[in-house]
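*Asks:* The lines below spell out each chain.
Number of protein chains: 2
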Amino acid sequence: MNDTLTKIDQHIEDHVEHWIEQLGRLCAQRSISAQHDGIEETAVLVTEMLRENGFAAEVMPSNGHPVVYGEGEGTGEKTLLFYLHYDVQPPEPLDLWNSPPFEMTRRDDKLYARGISDDKGHIICRLAALTAVREAYGSLPCNVKFVIEGEEEIGSPNMPQFVEKHQEKLAADACIWEFGGVDYDGTPQQALGMRGICYIQFSVQTASQDAHSGLGGSIFPNAAWRLVWALNTLKDADETILIPGFYDDVLPPSERDLALLDKLPDQSARVKETYGLDGYVGGLEGGLEWKKTAVFEPTCTICGLDSGYQGEGTKTVLPATATAKVDFRMVPDQRPDDIFKKLRTHLDAQGFADVAIELLANGRPAKIDPDDPFVKLTLETAVDVYGKEMMVQPIIGGSGPSYPFVHILNLPIVSAGLGYPDGQVHAPNENIRINDLLLGIKHTARIIERFGRE
Amino acid sequence: MNDTLTKIDQHIEDHVEHWIEQLGRLCAQRSISAQHDGIEETAVLVTEMLRENGFAAEVMPSNGHPVVYGEGEGTGEKTLLFYLHYDVQPPEPLDLWNSPPFEMTRRDDKLYARGISDDKGHIICRLAALTAVREAYGSLPCNVKFVIEGEEEIGSPNMPQFVEKHQEKLAADACIWEFGGVDYDGTPQQALGMRGICYIQFSVQTASQDAHSGLGGSIFPNAAWRLVWALNTLKDADETILIPGFYDDVLPPSERDLALLDKLPDQSARVKETYGLDGYVGGLEGGLEWKKTAVFEPTCTICGLDSGYQGEGTKTVLPATATAKVDFRMVPDQRPDDIFKKLRTHLDAQGFADVAIELLANGRPAKIDPDDPFVKLTLETAVDVYGKEMMVQPIIGGSGPSYPFVHILNLPIVSAGLGYPDGQVHAPNENIRINDLLLGIKHTARIIERFGRE
Numbered sequence: 006m007n008d009t010l011t012k013i014d015q016h017i018e019d020h021v022e023h024w025i026e027q028l029g030r031l032c033a034q035r036s037i038s039a040q041h042d043g044i045e046e047t048a049v050l051v052t053e054m055l056r057e058n059g060f061a062a063e064v065m066p067s068n069g070h071p072v073v074y075g076e077g078e079g080t081g082e083k084t085l086l087f088y089l090h091y092d093v094q095p096p097e098p099l100d101l102w103n104s105p106p107f108e109m110t111r112r113d114d115k116l117y118a119r120g121i122s123d124d125k126g127h128i129i130c131r132l133a134a135l136t137a138v139r140e141a142y143g144s145l146p147c148n149v150k151f152v153i154e155g156e157e158e159i160g161s162p163n164m165p166q167f168v169e170k171h172q173e174k175l176a177a178d179a180c181i182w183e184f185g186g187v188d189y190d191g192t193p194q195q196a197l198g199m200r201g202i203c204y205i206q207f208s209v210q211t212a213s214q215d216a217h218s219g220l221g222g223s224i225f226p227n228a229a230w231r232l233v234w235a236l237n238t239l240k241d242a243d244e245t246i247l248i249p250g251f252y253d254d255v256l257p258p259s260e261r262d263l264a265l266l267d268k269l270p271d272q273s274a275r276v277k278e279t280y281g282l283d284g285y286v287g288g289l290e291g292g293l294e295w296k297k298t299a300v301f302e303p304t305c306t307i308c309g310l311d312s313g314y315q316g317e318g319t320k321t322v323l324p325a326t327a328t329a330k331v332d333f334r335m336v337p338d339q340r341p342d343d344i345f346k347k348l349r350t351h352l353d354a355q356g357f358a359d360v361a362i363e364l365l366a367n368g369r370p371a372k373i374d375p376d377d378p379f380v381k382l383t384l385e386t387a388v389d390v391y392g393k394e395m396m397v398q399p400i401i402g403g404s405g406p407s408y409p410f411v412h413i414l415n416l417p418i419v420s421a422g423l424g425y426p427d428g429q430v431h432a433p434n435e436n437i438r439i440n441d442l443l444l445g446i447k448h449t450a451r452i453i454e455r456f457g458r459e
Numbered sequence: 006m007n008d009t010l011t012k013i014d015q016h017i018e019d020h021v022e023h024w025i026e027q028l029g030r031l032c033a034q035r036s037i038s039a040q041h042d043g044i045e046e047t048a049v050l051v052t053e054m055l056r057e058n059g060f061a062a063e064v065m066p067s068n069g070h071p072v073v074y075g076e077g078e079g080t081g082e083k084t085l086l087f088y089l090h091y092d093v094q095p096p097e098p099l100d101l102w103n104s105p106p107f108e109m110t111r112r113d114d115k116l117y118a119r120g121i122s123d124d125k126g127h128i129i130c131r132l133a134a135l136t137a138v139r140e141a142y143g144s145l146p147c148n149v150k151f152v153i154e155g156e157e158e159i160g161s162p163n164m165p166q167f168v169e170k171h172q173e174k175l176a177a178d179a180c181i182w183e184f185g186g187v188d189y190d191g192t193p194q195q196a197l198g199m200r201g202i203c204y205i206q207f208s209v210q211t212a213s214q215d216a217h218s219g220l221g222g223s224i225f226p227n228a229a230w231r232l233v234w235a236l237n238t239l240k241d242a243d244e245t246i247l248i249p250g251f252y253d254d255v256l257p258p259s260e261r262d263l264a265l266l267d268k269l270p271d272q273s274a275r276v277k278e279t280y281g282l283d284g285y286v287g288g289l290e291g292g293l294e295w296k297k298t299a300v301f302e303p304t305c306t307i308c309g310l311d312s313g314y315q316g317e318g319t320k321t322v323l324p325a326t327a328t329a330k331v332d333f334r335m336v337p338d339q340r341p342d343d344i345f346k347k348l349r350t351h352l353d354a355q356g357f358a359d360v361a362i363e364l365l366a367n368g369r370p371a372k373i374d375p376d377d378p379f380v381k382l383t384l385e386t387a388v389d390v391y392g393k394e395m396m397v398q399p400i401i402g403g404s405g406p407s408y409p410f411v412h413i414l415n416l417p418i419v420s421a422g423l424g425y426p427d428g429q430v431h432a433p434n435e436n437i438r439i440n441d442l443l444l445g446i447k448h449t450a451r452i453i454e455r456f457g458r459e
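Chains A and B, in that order, are what the protein sequence lines are.
Per our numbering, residue 6 is the first one in the first sequence, and the count goes up by one each step.
Per our numbering, residue 6 is the first one in the second sequence, and the count goes up by one each step.
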């Protein structure tokens, strides 16, 4: 290890209590985007914290919640962009929390609070790493920029337009994403892409009011039946999506992607047990085919069904309305607008012009070249910190607003951070392990140091 | 009009305030079967009221809520049975009531209370009619029996067994059912049959917990999808029910049935407007075909769908559970146990052994011979009271526990009573018009008088 790295690590270890204190300060500020609770206050607080740590910072308007933009000058010419978010999931159900969600609590080697992992811990992680590098060097070795948004937990609806509008201001050479961390056995994870999403509400109204099923059963149109029949035309029981042209733009995984998947440990047995599944769809039983299907296949998932009477016992009602929420995950190069249009055409062609669809959220899929030099340096620096190779996922099943960063700003994106599988992200008792925070800071610092130096 | 009828009518008119007071007393006693609220207390009160009016009465156990049984001796040999129920629907939503639901309130020519029409008004109607006839005659012209149950509003699950067990005790020659009344233009209604019902809950569980749709979308079984696919196999978009053998026991309407239907006014335009329908299923546009389909076709109605996230906006969840409530209305000679069995066989054959079904309520269809002498006397006496012919429906779309009365006790059943279309039965502000109460008592009294005399 070179001297600078030794000094960086020392600084991080010496200041861990300071950063935990700063994390507590940030977690104490509510910032629930779904409920618009504390959003403006948090944007101001994050701006202050960036300034306190030597960065220029401002609150920028978007078409939704404000975005905190920050920047700092380095000695090198390259620029590193940090994408993060200051908003959190709602804390409910409150009675399942063992300590107040907006009061950071330390128990044993863990810290508990809403947003402590997702994503306030990562904001602190980046500040701590940058500070340590600057203290060790006397200056930052590269320029840095921050985009810290306030709508990630509600699907980042305004990020694509924000990035497009401010693409000159946000220009950079590489990007560190908002998450990262280790698996059950402490192996750090690298995600090199995300599927896109097209989240659609289906609504049917067949009458102005519900009717008694004895009156209308034989002669009234039934909203629940219309919905069931319409949904049934979308996907076969063998999981084939039936919308004409749905698969047109699907790119198969490359040989390189498949090689990366093949190197990943087979989690199929563990996942099956965790979720109490009898088995996977299509008779999948783990292995490369399971790994490939899990992330390289587009999906059509019913997330919710709602119609008529849902209480105990019986109510003989014929429902006037029915809704479904359906989430399509898209792989490169599928596009939400195209899928939405094909869906409408399909429903009309199948006789379901009465079924209304509304696009509630969308984002395009994006993939990073696994052989990009920035990916390479991220993987190499991780070995130093974690003592083992990162597990590289060529794409993950989830979605995020990475498309504009990859395809408008033309940035390679890597993940690095402090998450771990029992972090209860989006659930009560969200938590991080203090040691993961330390490791995440060290890895982030090494990426900055090496990126600035090369 | 003969002297006795004049005396009967006079007695009814002289005592209407007394019976309104008794109705207020009965409505003040809560008797919500779905919530088991006030059930035993009401059974005792009804027993007391029968005794106060000269009938022997007892509270009899059933496998569920107690049944009030009553009897009174007459001079003739024939026996008339009254089927009624003392339980009511829940009063919720309370904020929509203009006066307390369990405090009878008189406004203009109407009386308001939960259960005032369904079915406490009918209990009072029968007592008032019997008292008037007895006062006019000096004795009752026929024996009478009462079966007043406490589970009608929850589907009368124990009535078939109760009737079968006590068939000797309940032996009679004819039966007056628990409802009756007039249409919008004051025409009295006669219902000569009811469809059966088979109310089934469908349940699917595919995992022990919900999953993130990004994780499971391509590889996890989805409870909502399993439910949609299973339901889709039950009925075509052209309303044909696809369960093998479903139609095996369906009897087509007789020529007599069709003639009765043909005489009924065409309500299709009014119903279409009331419910805000664009049109009826299968292109029906009123007329005999519409009337026939509405009551002589069996149905498969989705009453409720419940799965996953149903709130505002998006939640990217893959649901572990899904349920549907489905109501089959059956026509003679279909049987709920047979339909339930055929449904299970069908689901298994279609690959849906994972879809559990539970029979929540059931009752067999029953039809009365329109040319039965008891029907004839009911229709004739109505003309006297209402000044016009009854509208005779050979069967109605709804269901009730009439099967054991028709097929175990071998009784002809007629309807007579005090309902009217704006009575808000099962809804807030349930009400009756005082004049309908008077007419219902007079018609009931005439049926008793004529039945005893012939």
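Please keep in mind that the hints were generated in silico from the structure rather than gathered at the bench.
Among these hints, one or two may not hold up.
What the hints assert, rightly or not - Which chain A residues face chain B? A few, computed with CB under 8 angstroms, are given here:
{"#": "1", "residue": "285"}
{"#": "2", "residue": "332"}
{"#": "3", "residue": "345"}
{"#": "4", "residue": "361"}
{"#": "5", "residue": "364"}
Don't be surprised by glycine CBs; every beta carbon is placed ideally from N, CA and C.
*Asks:* Take the hints in turn and mark each one as holding or not.
*Replies:* Do the hints match the structure? See the list:
1. 285: Residue 285 (chain A) check passes; min Cβ-Cβ to chain B is 5 angstroms, inside 8 angstroms.
2. 332: Where the cut-off is 8 angstroms and the nearest Cβ of chain B is about 5 angstroms from residue 332 (chain A), the hint holds.
3. 345: Violated. Min distance 14 angstroms.
4. 361: violated, 14 angstroms
5. 364: violated, 10 angstroms
Hint check: violations occur at hints 3, 4, 5; the rest are consistent with the structure.
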